[in-house]
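Note that the protein sequences, when read in sequence, are chains A and B.
Residue numbers for the first sequence follow my numbering, so the first one is -2 and each next one is one higher.
Residue numbers for the second sequence follow my numbering, so the first one is 17 and each next one is one higher.
Bear in mind the hints are in silico, worked out from the structure with no lab data behind them.
Check before you lean on any hint, since a few could be wrong.
[Said to hold, decoys possible] Simulated DEER-style distance windows between Cβ atoms: (1) S70(A) / Q73(B): 38 to 46 Å; (2) Q94(A) / V62(B): 31 to 39 Å; (3) A58(A) / D45(B): 21 to 29 Å; (4) T47(B) / L111(A): 21 to 29 Å; (5) V62(B) / S19(A): 17 to 25 Å; (6) Q85(B) / N15(A): 43 to 51 Å; (7) K6(A) / E26(B): 35 to 43 Å; (8) N68(B) / K67(A): 45 to 53 Å.
Glycine included, each C-beta is placed from N, C-alpha and C at the ideal position.
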Amino acid sequence: DGGITQSPKYLFRKEGQNVTLSCEQNLNHDAMYWYRQDPGQGLRLIYYSQIVNDFQKGDIAEGYSVSREKKESFPLTVTSAQKNPTAFYLCASSIWQGGKNIQYFGAGTRLSVL
Amino acid sequence: AQKVTQAQTEISVVEKEDVTLDCVYETRDTTYYLFWYKQPPSGELVFLIRRNSFDEQNEISGRYSWNFQKSTSSFNFTITASQVVDSAVYFCALGKGGATNKLIFGTGTLLAVQP
Chain A
-2 DGGITQSPKY LFRKEGQNVT LSCEQNLNHD AMYWYRQDPG QGLRLIYYSQ IVNDFQKGDI
58 AEGYSVSREK KESFPLTVTS AQKNPTAFYL CASSIWQGGK NIQYFGAGTR LSVL
Chain B
17 AQKVTQAQTE ISVVEKEDVT LDCVYETRDT TYYLFWYKQP PSGELVFLIR RNSFDEQNEI
77 SGRYSWNFQK STSSFNFTIT ASQVVDSAVY FCALGKGGAT NKLIFGTGTL LAVQP
């Protein structure tokens, strides 16, 4: 089945540790996105990528890093510089086709700090 | 600046009641797109509808309907004869469109449908 797969579903980070969240899509979508969701808040954009080997910062990129070496994959690293990493992280992908561009989302990764 | 406001934080209804979720947006763009997503307890956001700024025609899909009014910058969502399965957080979002459709999300409305 085509879709967006995020792993792991739950992740725990120790103080000072970097952790990487995986996002893979087999929809042949060009663009991919990472959002952060905190309780009672909407989704906020962390990073996005339009094509392979290119990505741009979103509204809250500090403390995060990404890579886009393959079209299908857009991993997010939460670095030790991110002081409040506990949140729900959602990955999305989209394609500009027929004048439409709709983002489709994965099931998310819930990150907690030990 | 672009902004989306969903003033209703939580709504509770009894099954079979109709319910309207409000969405008000701000943008200076003449071309823009509005979206509604559903987030069930599982967490994944499910796409419901996309509307562009040039199309003010209301849309109906089964028990769901959307009312887009540019004059009041609103894009409201109505569920008719609500069901327990409609219980979720609903997000309204605004985008500029184009090859990379960066979205601005509202804070969401938690809808609880009681049996």
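Against the structure, the hints come out as follows:
{"no.": "1", "hint": "S70(A) / Q73(B): 38 to 46 Å", "in the structure": "holds (39 Å)"}
{"no.": "2", "hint": "Q94(A) / V62(B): 31 to 39 Å", "in the structure": "violated (20 Å)"}
{"no.": "3", "hint": "A58(A) / D45(B): 21 to 29 Å", "in the structure": "holds (23 Å)"}
{"no.": "4", "hint": "T47(B) / L111(A): 21 to 29 Å", "in the structure": "violated (46 Å)"}
{"no.": "5", "hint": "V62(B) / S19(A): 17 to 25 Å", "in the structure": "holds (21 Å)"}
{"no.": "6", "hint": "Q85(B) / N15(A): 43 to 51 Å", "in the structure": "holds (47 Å)"}
{"no.": "7", "hint": "K6(A) / E26(B): 35 to 43 Å", "in the structure": "violated (26 Å)"}
{"no.": "8", "hint": "N68(B) / K67(A): 45 to 53 Å", "in the structure": "violated (32 Å)"}
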